[in-house]
Amino acid sequence: MELPPNISGYRIAGATGDFEVVIGMEVHAQVTSKSKLFSGAATEFGAEPNAQVSLVDAAMPGMLPTINRECVRQAVRTGLALGAEINRFSVFDRKNYFYADLPQGYQISQFKHPVVGEGTIVIDLGEGKHKDVGVERIHLEQDAGKSMHDQHPDLTFVDLNRSGVALMEIVSKPHLNSPDEAGAYLTKLRTILRYIGSCDGNMEQGSMRADVNVSVRREGEPLGTRCEIKNVNSIRFVRQAIEVEARRQIDVIEAGGSVDQETRLFDPVKGETRSMRSKEEAHDYRYFPDPDLLPLEFDDGFIDAARDSLPELPDDKRARLVSTLGLSDYNASVLVAEKESADYFEALLAALADRGADTSKLAQKAANWVIGDLFGALNKAGKSITETPVGVDAGAQLLMLIDEGTISGRIAKDVFEIMFETGDSPAKIVEEKGLKQVSDTGEIEAIIDQVIAENPGQLAQYRDGKTKLQGFFVGQVMKATGGKANPAMVNQLLKPKLDG
Amino acid sequence: MTDLTKFTIAEARDGLRKGDITSRELTEAHIAAIEAADVLNAYIVKTPEKALAMADAADARVKAGDAPAMAGIPIGIKDLFATEGVRTTACSHILDGFEPAYESTVTQNLWDAGAVMLGKLNMDEFAMGSSNENSYYGPVKNPWRAEGSNEHFVPGGSSGGSVASVAAYTAMGATASDTGGSIRQPASFTGTVGVKPTYGRCSRYGMVAFASSLDQAGPVTRTVRDAAIMLEAMTGYDPKDSTSINREVPNFEAALTGDIRGKTIGIPKEYRLDETPEDILKLWDQGIGWLKDAGANVVDVSLPHTKYALPTYYIVAPAEASSNLARYDGVRYGLRDVPQGGNLTDMYETTRGHGFGDEVKRRVLMGTYVLSAGYYDAYYLKAQRVRQLIAKDFRDAFESVDALLTPTAPSAAFAFGSKSNDPIAMYLNDVFTVPASLAGLPGASVPAGLSADGLPLGLQVLTPAFDEMTLFTICGVLEEAAAFTAKPDAWWTA
Amino acid sequence: MSNINEDTVARIARLARLKLEPEQLAPMATELTSILDWVEQLGEVDTDGIEPMASPVDAKLVWRDDAVSDGNIQDKVLKNAPRREYGFFAVPKVIE
Chain A
1 MELPPNISGY RIAGATGDFE VVIGMEVHAQ VTSKSKLFSG AATEFGAEPN
51 AQVSLVDAAM PGMLPTINRE CVRQAVRTGL ALGAEINRFS VFDRKNYFYA
101 DLPQGYQISQ FKHPVVGEGT IVIDLGEGKH KDVGVERIHL EQDAGKSMHD
151 QHPDLTFVDL NRSGVALMEI VSKPHLNSPD EAGAYLTKLR TILRYIGSCD
201 GNMEQGSMRA DVNVSVRREG EPLGTRCEIK NVNSIRFVRQ AIEVEARRQI
251 DVIEAGGSVD QETRLFDPVK GETRSMRSKE EAHDYRYFPD PDLLPLEFDD
301 GFIDAARDSL PELPDDKRAR LVSTLGLSDY NASVLVAEKE SADYFEALLA
351 ALADRGADTS KLAQKAANWV IGDLFGALNK AGKSITETPV GVDAGAQLLM
401 LIDEGTISGR IAKDVFEIMF ETGDSPAKIV EEKGLKQVSD TGEIEAIIDQ
451 VIAENPGQLA QYRDGKTKLQ GFFVGQVMKA TGGKANPAMV NQLLKPKLDG
Chain B
501 MTDLTKFTIA EARDGLRKGD ITSRELTEAH IAAIEAADVL NAYIVKTPEK
551 ALAMADAADA RVKAGDAPAM AGIPIGIKDL FATEGVRTTA CSHILDGFEP
601 AYESTVTQNL WDAGAVMLGK LNMDEFAMGS SNENSYYGPV KNPWRAEGSN
651 EHFVPGGSSG GSVASVAAYT AMGATASDTG GSIRQPASFT GTVGVKPTYG
701 RCSRYGMVAF ASSLDQAGPV TRTVRDAAIM LEAMTGYDPK DSTSINREVP
751 NFEAALTGDI RGKTIGIPKE YRLDETPEDI LKLWDQGIGW LKDAGANVVD
801 VSLPHTKYAL PTYYIVAPAE ASSNLARYDG VRYGLRDVPQ GGNLTDMYET
851 TRGHGFGDEV KRRVLMGTYV LSAGYYDAYY LKAQRVRQLI AKDFRDAFES
901 VDALLTPTAP SAAFAFGSKS NDPIAMYLND VFTVPASLAG LPGASVPAGL
951 SADGLPLGLQ VLTPAFDEMT LFTICGVLEE AAAFTAKPDA WWTA
Chain C
995 MSNINEDTVA RIARLARLKL EPEQLAPMAT ELTSILDWVE QLGEVDTDGI
1045 EPMASPVDAK LVWRDDAVSD GNIQDKVLKN APRREYGFFA VPKVIE
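Chains as they are written, first to last, in my numbering: chain A, 1 to 500; chain B, 501 to 994; chain C, 995 to 1090.
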């Protein structure tokens, strides 16, 4: 198989030389839908055990699946968002195996003919670097129920609430070469899914889980035997799991052994992967077309409607922010990383425009404020952008106060702090605390004269040629005005007086 | 006094509408007949109280002027159909005590049409069998015996209880299901009419699955008209079954015109097997004569892949069954058998090992094998391709003919145990019924005569998909021409 | 000619989670072998270029709308359970 170049250059040093890591991901993403893939039971998280279960989900005798239109639509939208080939004809197959939380004794999935074919995800590697990662396919399948092994000394408890919930399995090509790339892949995929709303991307609740295929090889050698690490449920664990698994494989190889192709489980507490061979024995899934369902078919009209329903995708949005608003690539990338951040920023620009501001001029400043001040404060407070106490309107007001020269950038930081704490409007804070910038020439000149008079030594040095001392005088003036003096005006008025 | 159990559905319907009889009278007569026929072992669950309540409701309905075709008609239900609150086991040990919290669409349709449930009928376990010897509840005895003999015969299968109850006048009609011949072959063995409609006509929702791409419900009755009436009540599009077809249900009874002039009937030469008994071939020829006499053109046709239908079926059906039966695992319902200290896998293996009978095990293993890695292409995929050719044979034939006439089964009813040790010999019972099942076509068996031993024999009519109207027209003509009036002597009441 | 031996029967039985007693393996192997020999006559049929037929229905899948129309029937779901605990199905402990 032809793989793209390993641009990150990530290597793991073994005792006998460096090893390259080759990673592919199978991400299971829960499709956003009210009801399950093949039944009308609800999909909401956190219900009483077996409450969101229909007789179909419980695989009662004679029960039959009927497919949810919305799940098909979301899979197609996801495919389109990844620039993937959409298959107008696909087939549901049964994957046969026994497990307590798999009521039918098979999972309805898509094996030979998935609904979505090859696509691409562009991952961001920092410093403006990007990499194209191939997507092999996306197919629709049912989730299983949940087994709980720790509730009773002799029994396992089975809850079928998740049984039958729609999943998209998004299978990447083995195009990833480092834990960072794997992390960036998951991050980007999650961003895209959340932008288009086909999955909520909530990894804590299990809406997104990854099976990670890891192999190692010495440079130039053919692909090594891979191990699949099942069900990793956070981006951090994905990185850790890859690191320890790659290290383990290298140790095996360097000890003269060979890696067995197997399924492994990552234990984040022990920081190791371990074999699940016991559960693996004799897997032979006996896929065959589900005779309870007919082929899944749709026309171009359906695909077109799905395409029309897509919002601007993160890569497009980033490009637009850079090209039309002049944002730096870094700022643009940060803003688009979360749909909510991008939404906030765009709403902020709209609010500024409503106030008559020239947004092409203010965009960069607005971006700096959102990323620096707002994100900083949110981060410190442990809040997300959706929980911000400083809304779009308040933010726009604040930026306008700076732009109009009502307050200085320095004062704005204080005002923002109070806004963040109290939720008050910036105008009110500025008014009440008397923080309005001093732009009255006479008032500033009077203060300058006073400062010069109080510092005769510094003045003499300045006039002897130490002109850098202008900064000292500016500082003194600002201090005397409580930071409210308009800094541009101070500089403008100070220079002739110092020069004499 | 008239024996109410001897009425046909059509007669009872008309009597009920006219107020000559009540459903309660009809139902009571049948409950008594069932009690007297225990030796047949046709009913495995009797629901007399439910029956009487339903009969009273039907009487009230009829009185109020709302008398749909099946209103007040007492029928039996093959145990494959889920009946809410009434034990449903598909005659398998593994479904011990299972009481569904739901009703199958086919039975619900019948209840909506006013039918009365007498009980659940015996069958081969999971509808796997051709003799009803594979039931956890024991075999059903055929109401017919050979002339001058006391030996018991099988009723055919898998719908053995359905046909026996109808032949023995313990139900006016019965639901049945046909995967490879399970309606038509037992109908032939018991002198009853059995109709398998086009795949997709009857909803499979709530019908315990054997082989999903083949299973289709249908009625067993004593007359063609009754079958038309009952089938019409059973069918209809059901959004709960993705393989159900959204088509208008015609008035099947209106097909019974007796007029087949100008129709062309094909006689498939591949159905003329060397080993077919003389009496069956003779009956077939008679049938051809009857249709000719009624003004039909009869022509020879060829269905070249006929001999491959059974082997195809015995790959496809077990493959689907092996997967359909995976849900019987002891976790959520039915039998659970855990050896002392056993783990989950032990529970699965023991439950399934004890819960399934031999034939079911054989087919589950066969199906697992043909789907397993390395064999899928050679067996399963190959069979699916041959299935396509078999379906094409029929399509080609129906280019030039309106229907096909064949024997229903290659023999009359046989003695218990005579074929149960040779699976393939048993499978050959379905040689004439399986091809149409694979193609999803409608077919019916009409009693047409007696074997040399005095056992009933049926003739099978097959028509193109969704042409049940032609099917009923031709069956009606055959029925009238055959004038099959023989009845089993009621030895079971003795 | 296929030849299913006892090991193969044991392997398939394991896949199908069917307990067979040791003495059942040999007869089952013989029966399955004879059935497979019989079905292998399909090898005579030329199926080149023939589409596999998965269903007699020549139609496309009908979709249902996304609405919560089912569930909230815990009692019905658990009604026939051989063992239930606190609203869960309970099975012998699974060691992972």
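Among the hints, erroneous ones may be present.
Below, computed lysine to aspartate or glutamate pairings styled on EDC-like, alpha-carbon distance capped at 16 Å [what the hints assert, rightly or not]:
id : chain 1 : residue 1 : chain 2 : residue 2
1  : C       : Lys1087   : A       : Asp154
2  : C       : Lys1013   : B       : Glu859
3  : C       : Lys1073   : B       : Glu599
4  : B       : Lys919    : B       : Asp858
Please keep in mind that the hints were generated in silico from the structure rather than gathered at the bench. Fair warning: this is a prediction, and the values are worked out from it, not measured in the lab.
Here is how each hint holds up against the structure:
no., hint, in the structure
1, C/Lys1087 with A/Asp154, "holds (5 Å)"
2, C/Lys1013 with B/Glu859, "holds (14 Å)"
3, C/Lys1073 with B/Glu599, "holds (8 Å)"
4, B/Lys919 with B/Asp858, "holds (14 Å)"
Figure legend: structure checked against the earlier numbered hints; every hint is met.
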